[in-house]
Every structure is written in structure tokens, then in C-alpha cells.
Amino acid sequence: MRALIVHQVGPGVAVQDLGRPGFLAVGLTRGGAADVLALHEGATLLGQSVDRAALEMVGTGGTFEASEDMRIALTGAVMSAQIDGETVAWNASHAVPKGARLVVGPTRSGAYGYLHVGGGFETEPTLGSRATHQSCGLGALITAGQTLLVGQDKRRDIGMTLAVPPRLSGGVVRIVPSMQTMDFDADIRTRFEATTFRRDPRANRQGIRLDSNGPGFSNPSALSIVSEVIVPGDIQITGDGTPFVLMAESQTTGGYPRIGTVLPCDLPRVAQAPAGAELQFEFLELEAGAQVQARANADWAKLRTSVTPLVRDPATMQDLLSYQLVSGAVSATHSDLDKG
Amino acid sequence: MAGMETLPFSPLIRSVGLTGVLVTFGARATDEANRAAIAFRGAVDALAWPEVGESSSTLVSAFFQIDLSAHSFSMIRDRLADLLASRDWSATPLPKGRALWTIPAVFGGTRAPQFNEAAEAAGLSATQALADLTQTRLRVLTLGFAPGQPYLGILGAAWDIPRQIGLTPNVPEGALVAAVRQVCLFAKDTPTGWRHVGQSAFACFRPDAEVPFPLAPGDEVQFAEVSVAELERLEAHGIDGAERTVIA
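Going line by line, the protein sequences match chains A and B.
Residues in the first sequence are numbered from 1 upward in steps of one, following my numbering.
Residues in the second sequence are numbered from 1 upward in steps of one, following my numbering.
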């Protein structure tokens, strides 16, 4: 059985993929990875389909053992990682030999880290997806002692890395107008754009609360609306004027007005902003936003052109002395010629 | 409230982020707006436009998931506007193939403790309230909040009772709760401000079943009063006792 054995695991680790499209009409949101770009990066590093499921890790990962030789990739929020005690690079692919221990965590920057395996995790799909959707009772958090089945992997290439767009510490996020944007008075929209928000510690896969100094953003004319469709990235303003960015596991509809919607390509930046990180929002007209998104889609589609061999930094090689740094000279004395 | 719209509402076509397009038929949750949303969604689905990934309908709107970074919103808007103008959507028959469900439920007593309170809030006798809840053919206005969970309507004007200010901490799965002329049938245990007027054994979301979501927007639901003993019998057998027939 080809599997990853879970010896220890943090409290926020779950299988995710691209989610379950097709169920909006019956009240089930797509769900899936909080940082979709990280899924693309992991798939690119391993040279496999982005449909493969990965482990999404919040705060810390765990201790894992491979039942067979495996390839892994680590993407998203940067976490510490060791394979049999040797520190390995993030945003890179590595070999985990049979029986080796992979230790991941804690998080160093960002919020959602991803562990990908060659062949992908093959947990039982429900409604066409392996994505864990906790609020709907689909799947569950990973617990110690579990054995996670892993798919077949024909490839052998490892030691590759990817220059990833920086997105782990907040920053400027582009938004387009949404259904109710014009229900907010111009001065509220202007103030919203001029405000520097901080990501509240209260954040999860359903939504991320944003804090700011000064008054809230509620608008009397926008208060009384019929419950309406939610898409990921919608920024709802609750009754007390607090903005929430709605994320992958939000409900399908909601009764609070939306002041704008984060571009899908900028949503990973929101997802990965750690508690306290500063976020600002910049309105783009719909057409301009569509062009930015189209360019991002094109960039995501050609990620593989930016994969490069991992150059190991001697400073991170804790077991430096165990390497045969002059193996060429050493092997000369053990060559077949001596056995003549 | 039906009949209280004084100004005609012109349907609105709006973009929803870069993820889709919403067509809205009313500013408030009226029967006409809901019928129009369901009928319009059905008509667009029948056209099978390649740009539409999936569709849904809410209380008053039809939503079409379309990647607006790949397809021009103005072009989609114009096509939707042409279709909108082609007929009166609130008078259009609902899509074919809808189901009529008869769902057994207990009303009042310990299994539905807020029945009397709700009847009182509606200004109805218990007998009249029970007749309204069991003789009205309700329509699935929309599904949401939890997967497969239906909002059913529309009850008579007396049932325009507000939500409670305080939440009832935990109303169980299968509960019928009432507010704002609607009945919601809970898909899971939920804290709520709606009043717990009935209790069924109906599961709205069956993740491992062949039909995970039994109800669809536009389906009709009629509740049939049963005794507590009958509900307990259904629960003990893990069945809901519901009957489904296709509306011709």
C-alpha cells in the first residue's frame, strides 16, 4: 500500500484540492484550497495535474512517514521542514525515501502551507472531490495515526524549485465592484480604499475579518437587502460596519451587502496574510480587473517555465560533514580498476 | 410582500466579481420574483451557453457562473437582456420535471415547542396555523445556508412574523422553522431566530446517497401531520416517510 503515515499532526491539517464545482444551486460552495496558486505551484514542481489533492496546513504540519519512496513538494506559507533531520527548502520538490521521516512546521510566514505528494493523496472522494469542507461535514481534519493513501507516480525528478510571487505578508489587493458596491455612498467607498486594514486573528476558511481604526463602513441604504449569491473574494460589510473577505468555504448566499470583490488572482494574498498583516484594497473597473485576471491566468498556466534546479545553500546543510564533498577523488580509489 | 410592490421592478443584470452574472427580479422576496428567477434560470440552462459553468437561483435572482476574465460582461449582459425582454418571466411556467414532496411532520408539543408561540405571533388559532402549515403547497424558493437546506414559501400574510431577537441555541436537523412568510427545513442542528413549529425526519443533505440533494429549487412541498409515535417510528427506522411525485 502506497501511503503517507501520519505520526503526529497539527490541529489544522486537511486534504484539499480545487473543490467541488456544480453544487451552488443546492447550497454547497465549491470550497477547496484557500491558496489555489499554491496548488498550481505544487503540481508544477511535481509535474502532475493540478487536480491532485494535497495537505493544507495551518500553523504547523506534522510528522509523516513514507511507506514507499515518494516525491513531495512544499508550497504556500513557508514552514520549517526536515527529511530525516535534514532541513529542506520550501517552494521545492524533494525525495522522501521509504521509511524516512518528514517533519513539517511550524509556520514561519504566511497562513496556509501545502504538502504535495507525487501521485496526490487518494482519500475517498465525495461529490467528485477530496476537498475537506468542515462546516458541511465533508471530510475531517487529519488526526495522528491515520494512513493517507497516495496515488501512483511515474516521475522521478526532484530537487526543483520555483520563484513564487510574494504574497505571504499582506499588501495591496485589487478589487472590482460587486452587486451592491453602488449602494455604498461614494465617501464610504473612498474611505474604504484609503484605509489600511489589519487581518484580525479571527479568520478561517469561511471568512477573514478585517480591523481598522476609525469608523466602520456600514451604509444605511445598503443595510436592507435580500439574501444574495456569494462568490469567494466578496467583501461583505456586517451590520456594525466591519468588513469580512469571504473565502473558499463561505456559504452560497448571504444577507450582508458586498462593497467589492477581490480578484481571484489576488485572493491568495488575502488568504496568506497572517494575523496583524496590513491589507489595502484598490478598486479597478470591471474591464481593467478582467484584464489583470486574464494575465494572471496566463502566468499560472506557464508556471512550469519558471521551474529551476534547486541550488543547495551550504548554510542550510546542517549535516554538511556527512557529505562526501570530494567524492570524485575518493571514488577513484574504489574504482573497478583496483579490483583488477 | 406579494401585492405590495407599488413600482414595477425592472430586472437588474449585475456582475458578481469576475465570477458570474446575477439577474435580479425584485428588491424584496416576493413570490413573483422567485418564480421569475427559477423560470429564467431554467430557460438559460436550456440554452446551454458554453460560457456558463453552473447556475443557481436565490430568493429573487438567477446566477450564472461565468469567467468574466475570459468572456466580456457587456456581451453576456446584452444576451441576457434580450432573453429577459422576450417574455414576462413571473408569468412563465416553472421548468418541467419538478417534484412534489409530501413530508410527514409533528407540529407542536415537545418536538416542536414554538408552534403555539408562532401561531400567536401570526394572530392565528392553533387549528388555523396547523391548517396553513399542512394545506399550503409550499415551493422550494431556494436552497442554502447549509447544503440542501430549503427555504419554502410563501405562506399567507399573517405569517409575516419577525425572527426572534434572541437565538434558540440548537434547533435539530429536520426541524421546520417559520419566519417572514417562509418555512425552513433544517439540514443540520442550527442556532436560529426562526421559530420551531414542526419536526420531520427528512434529511436535506445525504452526502453518501445516490441523490445527495433530494430537493431542487422549484420543487413543491406539502407537510402531513403525524403523531409523535409515528415520527419516532420513522426515526427508529432511519427513514423520512416522504413521498415524491413528479409534477406533470
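Calculated directly from the structure, the hints in this document are not laboratory data.
Where hints are given, some of them may not hold.
Claimed, not checked - Over 12 Å on every C-beta distance to chain B, these chain A residues come out as not near it, computed from the model:
1. E124
2. H133
3. G137
4. T238
5. A290
Said to hold, decoys possible - One-sided excerpt, in silico: chain A residues whose CB lies under 10 Å from chain B:
6. L18
7. W90
8. G99
9. V103
10. V172
11. P177
12. V229
13. D234
14. T253
15. Q291
16. R295
Using N, Cα and C, we set each Cβ at its ideal position, and we do this for glycine too.
Results for each hint:
Chain B draws A/E124 into its interface by the beta-carbon criterion, the shortest separation being 10 Å against a cut-off of 12 Å. For A/H133, the shortest C-beta to C-beta distance to chain B comes to about 9 Å, within the 12 Å cut-off, and the non-interface label is violated. Residue-level check failed: A/G137 sits 7 Å from the nearest beta carbon of chain B, not beyond 12 Å. A/T238, annotated as away from the interface, keeps every beta carbon of chain B farther than 12 Å; the closest lies near 16 Å.
Under the 12 Å C-beta cut-off, the non-interface status given to A/A290 relative to chain B is violated; the minimum distance is some 5 Å. With a cut of 10 Å, the hint placing A/L18 at the interface with chain B is violated, because the nearest CB-to-CB distance is about 13 Å. The interface hint given for A/W90 is broken, as the beta carbon of that residue sits about 29 Å from the closest beta carbon of chain B, more than 10 Å. Here the hint on A/G99 is broken, as its CB sits about 35 Å from the closest CB of chain B, past 10 Å.
Nearest Cβ of chain B to the Cβ of A/V103: about 33 Å, over the 10 Å cut. The hint is violated. Evaluation of the A/V172 hint against chain B yields a violated restraint, the C-beta minimum of about 17 Å exceeding 10 Å. With a cut of 10 Å, the hint placing A/P177 at the interface with chain B holds, because the nearest CB-to-CB distance is about 8 Å. About 5 Å separates the beta-carbon of A/V229 from the nearest beta-carbon of chain B, less than 10 Å, and the hint is met.
At about 7 Å, the closest approach between the beta carbon of A/D234 and any beta carbon in chain B falls short of 10 Å, and the interface hint on this residue holds. Nearest Cβ of chain B to the Cβ of A/T253: about 5 Å, under the 10 Å cut. The hint holds. The beta carbon of A/Q291 is positioned within 10 Å of a beta carbon in chain B (closest approach about 8 Å), and the interface hint is therefore held. This hint holds: A/R295 has a C-beta 9 Å from the nearest C-beta of chain B, less than the 10 Å allowed.
When the structure is compared with the earlier hints, violations turn up for hints 1, 2, 3, 5, 6, 7, 8, 9, 10 and for no others.
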